[in-house]
Amino acid sequence: MTTTDDLPQPEGAADVIQTEYQIGQDNIKGSVGPFGLDIHNPVFLVSGLSIVAFVVLTLALQNETEAWFNALRNALTGNLAWFFLGSANVFVVLCLFLIVTPLGKVRLGGENATPDYSYTGWFAMLFAAGMGIGLMFYGVSEPISHYASSFAEGAGGPDSWAPLGGAAGDAEASIRLGMAATIFHWGLHPWAIYAIVALALALFSYNKGLPLTMRSIFYPIFGDAVWGWTGHIIDILAVFATLFGLATSLGFGAEQANAGLNYLFGLPATDLSKVLLIIGITGVALLSVMAGLDAGVKRLSEINMGLAALLLIFVIVVGPTVAILTGFFENLLAYAEYLIPLSNPVGRSDANFSQGWTAFYWAWWISWSPFVGMFIARVSRGRTVREFIICVLLIPSLVCVLWMTVFGGTAIQQIVQTGFQGVVDASLELKLFAMLDQLPLAGITSFVGIVLVIVFFVTSSDSGSLVIDTITAGGKTNAPTPQRVFWCIFEGLVAITLLLGGGLGALQAMAVSTGLPFTIVLLGACYAIVKGLQSERAIMTK
Amino acid sequence: MYRNIAVPVDLEHVDRLEKALSTAADLANHYNAKVCYIGVTTVQPSALGHTPEEYAQKLAAFGRDQAAKHGIEVTTLARAAHDLPVDLDKILLDAISDAEADAVVMASHVPGLADHFFASNAGTVASESKVSVFVIR
Chain B
84 MTTTDDLPQP EGAADVIQTE YQIGQDNIKG SVGPFGLDIH NPVFLVSGLS IVAFVVLTLA
144 LQNETEAWFN ALRNALTGNL AWFFLGSANV FVVLCLFLIV TPLGKVRLGG ENATPDYSYT
204 GWFAMLFAAG MGIGLMFYGV SEPISHYASS FAEGAGGPDS WAPLGGAAGD AEASIRLGMA
264 ATIFHWGLHP WAIYAIVALA LALFSYNKGL PLTMRSIFYP IFGDAVWGWT GHIIDILAVF
324 ATLFGLATSL GFGAEQANAG LNYLFGLPAT DLSKVLLIIG ITGVALLSVM AGLDAGVKRL
384 SEINMGLAAL LLIFVIVVGP TVAILTGFFE NLLAYAEYLI PLSNPVGRSD ANFSQGWTAF
444 YWAWWISWSP FVGMFIARVS RGRTVREFII CVLLIPSLVC VLWMTVFGGT AIQQIVQTGF
504 QGVVDASLEL KLFAMLDQLP LAGITSFVGI VLVIVFFVTS SDSGSLVIDT ITAGGKTNAP
564 TPQRVFWCIF EGLVAITLLL GGGLGALQAM AVSTGLPFTI VLLGACYAIV KGLQSERAIM
624 TK
Chain E
0 MYRNIAVPVD LEHVDRLEKA LSTAADLANH YNAKVCYIGV TTVQPSALGH TPEEYAQKLA
60 AFGRDQAAKH GIEVTTLARA AHDLPVDLDK ILLDAISDAE ADAVVMASHV PGLADHFFAS
120 NAGTVASESK VSVFVIR
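Residue numbers (this note's numbering), protein chains in the order written: chain B, 84 to 625; chain E, 0 to 136.
For reference, chain E alone in the conformation it holds in the complex (with noise of 0.2 Å):
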């Protein structure tokens, strides 16, 4: 049913993504499907890389662990950010298309007071992407 799992994937909060790469991993391994790990970093050099270049290798190298941990496909795609807090939603949006992924799992937090200040961005993803989105809290 599905070919292509995008997996849009925060590499300073791995700890929090778990139960979201599990899924993924299950899903993949189900219908036999890639997982497309998608990161987005800042332009400026940040916490996971001094260039958006190191962060791509970073990114890679998350993508091997996952795939031998696992025992599935994958592939990564990185992107760099002018400002990276309000333009993630579209970014990540862009990035599922550009991945010709037909499903995303993506991890979400519970709710709460903030979101109605600012969107979550699983929700914005969720409401506007075309394929099927699995939010995982």
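If we strip away everything but chain B, and leave its shape as in the complex, we get (with noise of 0.2 Å):
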């Protein structure tokens, strides 16, 4: 790492990075028929080529990539779940290292750096971004599914999908075991997987100078190598990762919106409702997009911030009041009980458990990380590296904890203590509806729940598509605007494209796929962190 006193630092001490290479060297500027163009080359073309010709091919060949593509993924979360649940582990034991070392005492963008964002704005895009549409199909769903596995008779059987062997006929245990490994999949080490990527990019780019992609994270370790094509095939596979994971999701999305509106209003369950619905949130998205990062994401990530908490006291007040409130910290309690047994990565009893749930979920969480990762390096300037990993790491998992407890806690509690087996007989994508159902005012909280779910596509999606930009045009945040306006109509296209001709499955377990390759450049990061740190403590202190 060559560094130089002649370039000015940022807001206070920092240790800038001088290397030869100039943002945005290989770009190619120009324009398309009246719109400006400034692409990486050949990172842009690359990665759209190839997204593109997957496309094709799974919808040529959808019975073979279907299964190919599943069997790959189920292979690696099988084979290799002692590698995820490993190196997960690492991630969250380095984030909470650096919270109690002085390293911790670095601030993003030097030493006098002021926040861009206020933690109002700060915290509703790091939600929004991180984890918002997962909690909302999840929160009431996989509670229950871990509280029946454990509860049911073969609980530890070789069958059993139980956490640890489960309690079988113990309602009091199962219900504690299944809180904890619900948790567990939305606490610690999903916001610990973040947090490593996007320090590491805030770092390397706020401090160091070097620009905002995902190659520059492996500066330390390849030098100016990255510049080529080691780097071209990181920054390519993020594209990959995002663009896939993004629209597999929105195309399983407008299923579930569908669902969830044909429930409520009696819209057709019909492919052409679901292709509106992706129109409509990409036009959406597409506004959103053209106002730019502090009118669109921003402000629209407050908003479903606000309405989530207002469905959140909802459910809190009108349900199971004293319940949700001591189950909180009985939670948390079980969640620290159970917390190394669920993480360890060896010698597991509970293998579909473990591989089919776990290493499923770190592979996921993995393979977002690009978009996520990039997206709070982006917001996430003037905070130091402490404040950053209390604030991206330890509180959305108190909130985590919160929203499990309030939402599956109360399905729970339905089930347990009145009998209701509506939330259990529900498909998936109604089973947040099945239990509000049974609380007052269901008609308002159901339509509540549908917005927030299509406002939080609407925020991927926006944010997505900046991410993506970003990364094709070389780590240049100034591309023209009708760059992101490509990628946004571009992953609406691929969405409606894999619903209409099938393969969203083969897609997306292509897309968590990827969470290999992507685990093993996460533990660079790790190395590229405390090196990078280091450096800057070095400055500070001089």
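FYI, nobody ran anything at the bench for these hints, they're computed from the structure.
Do not take every clue at face value.
Okay, derived cross-link-like pairs now, DSS-like style, lysine-lysine, Cα gap no bigger than 27 Å in a straight line [as the list claims (entries may be wrong)]: (1) K18/E / K68/E; (2) K89/E / K112/B; (3) K68/E / K89/E; (4) K614/B / K625/B; (5) K18/E / K112/B; (6) K18/E / K57/E; (7) K129/E / K18/E; (8) K112/B / K57/E; (9) K89/E / K18/E.
Two chains, two frames, a set of hints: combine them into the complex.
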């Protein structure tokens, strides 16, 4: 790492890296028709063309690709579960370590930098990008699923999906285990995955002066080779994972939103409705993209956070209030109690759970991490590392404990206390509505639920386009706006094509499979973060 | 008539600015006015600097070159944006006001189809600025 005193530091002391590489030097500039163009060669072209090729291949060989990609994903999460679980533990431990060591004092953007965004705006964007949609869909279903598998008669047997062998016939213990397992999948580990990518990108961009793109993380390891094909491949893979992750979840999301609207308003569950939903979501996302980060995605994220908070408070107040409030602390304790056994990567007797659930989740979160990490990095300038990790790791984890307690806990209460089976019988996308149906004002709260889901899709589509555009412009954040518009529309088109032609499942399995190479990228990022922060501290204390 | 002429500049495309720069310098010489070059960069590293501070230095150097070339008195004003392509107009308008400029000379492209979808920066500044705006094509 060569540094020079000739370069002006950002706001206050920072260890800026001097490289021969100039951001945008490999870019092609010009125009397509009336629209300006500033794209990285070859990242833009290779990722764009290979995405089209994969879509065509999937449509042409639907059965084969679905079987193949599912087998690939299952082989990875089955055979390499130890690697995913072990790596995720490394990420959590490193984050916690950074909070308590002096390295946590380093500020992103230089010693005297001030935060670009207020806590409210920052948090809202973290949640919207990180797991907004997931919390809506799995907040009710996952706790029920783990509770049921733990409580079932055969829990702990070879066919059981129960975490840690379950607690057959013991309702109390099954609730504790079910909630702990759910929180485990939505708590420290996923947020640590995001925090590592985001911190590495923010550090190497704001303090070291490297372009805001995935390859920069590897500068301490590969040096100037990251500007060549090594870096191209990392960036192309990031574009791939992000676009397919977003497009397939948009496709599935349209199916789920359609089911919800059918349940609430009788909207026919047809392909036309789903395509119109995707067009609608993409259309609103386009408006948001053109309104920019502050007026678009930030504002929508804040509105959504407010709505989600209202829904949460409503369920606490009209639901089993005391059980929820005591449940919050009980679940937190259960999480603490089972955290170590659940994160143990070797010698597990609950292979179905640790491979089928945990390793799958970790691969999934990791495949999302280039997108979410890039976006978090984009909005986190001016925070200290300590503040960053507390706010990206600890507080979101606590919010997830609360969310799961309120939504999952209420649903489990309905099953255990009143014997209500509606939530169990409902399909995945309708479980939230079945739970809300048992509470007052169900029509209004279900409508709020649908709005939340749709707006979370809009913010994902918007922030995803921003991220893909930045990567395919070689880390430039000032590429012409039509490029973002292109990626936003492209994502909608891929979603519609796969929805109509089939192949959503296949390409989602492929997106999740990118979790493996990115786990290696993240382990490299851990090394880079420690090296990078050490040099920052050295400058600060000089 | 004018005391302080603001000239928004895009340092990535200085070659496209020549006409606007000369016009601003001529006006400055004619009215004995100062010229303030306004530049906006991203908070992230860009082609023009590892940090916004490096960009500000480059803008200042650009200003010194112009001062020597045209024999005018210049100042520079560098700003950093969260989302430059979208927020540019608002930042320019604020900077023009902060620079206490009483005229703006700004380069623009020949309007085309794209302007129906994405408003041109000079167009927006001309319609929203409180001071006289000379749009140079």
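We went through each hint and held it up to the structure:
no.	hint	result
1	K18/E / K68/E	holds (14 Å)
2	K89/E / K112/B	holds (25 Å)
3	K68/E / K89/E	violated (30 Å)
4	K614/B / K625/B	holds (17 Å)
5	K18/E / K112/B	holds (22 Å)
6	K18/E / K57/E	holds (21 Å)
7	K129/E / K18/E	holds (23 Å)
8	K112/B / K57/E	holds (22 Å)
9	K89/E / K18/E	holds (24 Å)
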